[in-house]
Amino acid sequence: MIKVEFLGPIGKAPIEIEAKSLREVSQKLKEDPSLVDWLDKCAVAHNDTMVNSLDTPLEDGDRISILPPVCGG
Amino acid sequence: MIKVEFLGPIGKAPIEIEAKSLREVSQKLKEDPSLVDWLDKCAVAHNDTMVNSLDTPLEDGDRISILPPVCGG
Amino acid sequence: MELHLGSLDTKEIFSRWLDEESNSNYGAYIPFVGTIRAEDGIEALSFDIYEPILEKWFIAWQERAKERGAIVKMAHSLGDVPIHTSSYISAVFSPKRRVALELIDEFVEDFKANAPIWKYDVIDGKRIYAQDRSTAMDGAGLLS
Amino acid sequence: MELHLGSLDTKEIFSRWLDEESNSNYGAYIPFVGTIRAEDGIEALSFDIYEPILEKWFIAWQERAKERGAIVKMAHSLGDVPIHTSSYISAVFSPKRRVALELIDEFVEDFKANAPIWKYDVIDGKRIYAQDRSTAMDGAGLLS
Numbered sequence: 001m002i003k004v005e006f007l008g009p010i011g012k013a014p015i016e017i018e019a020k021s022l023r024e025v026s027q028k029l030k031e032d033p034s035l036v037d038w039l040d041k042c043a044v045a046h047n048d049t050m051v052n053s054l055d056t057p058l059e060d061g062d063r064i065s066i067l068p069p070v071c072g073g
Numbered sequence: 001m002i003k004v005e006f007l008g009p010i011g012k013a014p015i016e017i018e019a020k021s022l023r024e025v026s027q028k029l030k031e032d033p034s035l036v037d038w039l040d041k042c043a044v045a046h047n048d049t050m051v052n053s054l055d056t057p058l059e060d061g062d063r064i065s066i067l068p069p070v071c072g073g
Numbered sequence: 001m002e003l004h005l006g007s008l009d010t011k012e013i014f015s016r017w018l019d020e021e022s023n024s025n026y027g028a029y030i031p032f033v034g035t036i037r038a039e040d041g042i043e044a045l046s047f048d049i050y051e052p053i054l055e056k057w058f059i060a061w062q063e064r065a066k067e068r069g070a071i072v073k074m075a076h077s078l079g080d081v082p083i084h085t086s087s088y089i090s091a092v093f094s095p096k097r098r099v100a101l102e103l104i105d106e107f108v109e110d111f112k113a114n115a116p117i118w119k120y121d122v123i124d125g126k127r128i129y130a131q132d133r134s135t136a137m138d139g140a141g142l143l144s
Numbered sequence: 001m002e003l004h005l006g007s008l009d010t011k012e013i014f015s016r017w018l019d020e021e022s023n024s025n026y027g028a029y030i031p032f033v034g035t036i037r038a039e040d041g042i043e044a045l046s047f048d049i050y051e052p053i054l055e056k057w058f059i060a061w062q063e064r065a066k067e068r069g070a071i072v073k074m075a076h077s078l079g080d081v082p083i084h085t086s087s088y089i090s091a092v093f094s095p096k097r098r099v100a101l102e103l104i105d106e107f108v109e110d111f112k113a114n115a116p117i118w119k120y121d122v123i124d125g126k127r128i129y130a131q132d133r134s135t136a137m138d139g140a141g142l143l144s
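Residue numbers (the working numbering), protein chains in the order written: chain A, 1 to 73; chain B, 1 to 73; chain C, 1 to 144; chain D, 1 to 144.
Worth flagging that the hints you see were computed from the coordinates, not collected in a lab. Be aware that one or more of the hints could be misleading.
Not everything, but these chain A residues come out facing chain C in the computed CB check (under 10 angstroms) [what the hints assert, rightly or not]: (1) LEU7; (2) SER34; (3) PRO57; (4) SER65.
Listing some non-contacts, in silico: residues in chain C with all C-beta distances to chain D over 10 angstroms [unchecked claim]: (5) THR10; (6) PRO52; (7) ALA60; (8) GLY79; (9) GLY125; (10) SER134.
Even for Gly, the Cβ is constructed at its ideal location relative to N, Cα and C.
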């Protein structure tokens, strides 16, 4: 299982899904209407490292974080 | 009379000269061997305002300051 | 890197960082202090932080600074920070002023763009995500 | 603008300036702190200042800052300043970070080039003009 957590203002509880790559995570999250307004603005981390490729391979127990637009300072 | 003062490291006492313009001040100062190494590096102020023209007219009682290279901070 | 609940004690942090480097022979110390402005009727701003990624972001910056002979420091608030108090201090120490002036600019700008921190206006005790002032991080939209 | 005999009390100045502007609603405060580095066997640096022209230079900068909604402050030492202590602090307060980051850079660089301050190395108690690190001011060479 892959744990997906939604950071900051998304305000959605973490979920667990089956996925072998980020591409599969993307496919599953796009089915969730509550995420429609978020996915195109959000960056992604894999086990707390920022990632840029949908081909990122995943292993059982991995953690994906969804990071909405930021404004520190 | 025009008072000419030499700031910072020049280490020369102020002098009084007759001059109607900065051009005349320049001519007189160039006669002083102790200033040979300074004049090409120094900026000039007229009554505490920085000036850029040799044609600056002078009046009796005016003050000229000779400012060598700076390094504040 | 340090995170504090509520407003930062700006004077304490400035002084402590100065003391920490008092014998390091740096010639330039530039802190950037961010203070909450009173605007649009807010009483405070509030911050969420995802610390594991902020920590990695900061470690990468320490390495970038080190390559230029400098160091960086950072403090940020968690939770509510009332107007006219400070939520953010970052700083550069460097032997030379030019490196320090360039680094503080790059460090603060990259912080605004890529530090995983979310800001909320606090109005009438309610927390409202400051979406219009927020910036999508590098790589945003990957899953869309 | 303030001139102090000997080293600056950096913490006092940072804190006092912060307090002076605590209700001015500036979002960014960037001080630049210059500290004397131990190098080339010096025990201190020493400074001469021609205050009337420095004052005019600073007033012109206050006006430039005001046009951009910001303010500048400055403190400098007169006379001897031992290594590892501070001789110079300048600062920008601005509503917005971008203006503050740009102004502190321009203000410090113009200060280095055009503030009428002369620096001397102090070695074995002797004062030696730091000629090779000094910069001819704008308009230099007029009389040559």
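### Task
Using 10 angstroms as the Cβ threshold, decide whether A:SER34 counts as touching chain C.
violated, 14 angstroms
### Query
Regarding the assertion that C:GLY125 does not contact chain D, is the least Cβ-Cβ distance greater than 10 angstroms?
holds, 22 angstroms
#### Entry: Least C-beta distance from C:SER134 to chain D larger than 10 angstroms
holds, 15 angstroms
### Task
Taking the shortest Cβ-to-Cβ distance between C:GLY79 and chain D, state whether it exceeds 10 angstroms.
holds, 19 angstroms
### Query
Taking C-beta pairs only, is C:PRO52 more than 10 angstroms away from all of chain D?
holds, 26 angstroms
### Message
Interface hint check: A:PRO57, Cβ to nearest Cβ on chain C, cutoff 10 angstroms. Holds or violated?
### Response
violated, 15 angstroms
### Task
Would you check whether A:LEU7 satisfies its interface hint, that is, whether its CB is within less than 10 angstroms of any CB in chain C?
Holds, because the Cβ-Cβ distance from A:LEU7 to chain C comes to roughly 5 angstroms (cut-off 10 angstroms).
### Query
Can A:SER65 be said to touch chain C, with a Cβ gap under 10 angstroms?
Holds: closest Cβ of chain C sits about 7 angstroms from A:SER65, inside 10 angstroms.
### Task
Hey, is C:ALA60 genuinely clear of chain D, shortest beta carbon separation above 10 angstroms?
holds, 21 angstroms
### Message
Just want to verify: C:THR10 was marked as not at the interface with chain D; is every Cβ pair farther apart than 10 angstroms?
### Response
Label violated. Min Cβ-Cβ 6 angstroms, cutoff 10 angstroms.
When each numbered hint is compared with the structure, violations occur for hints 2, 3 and 5.
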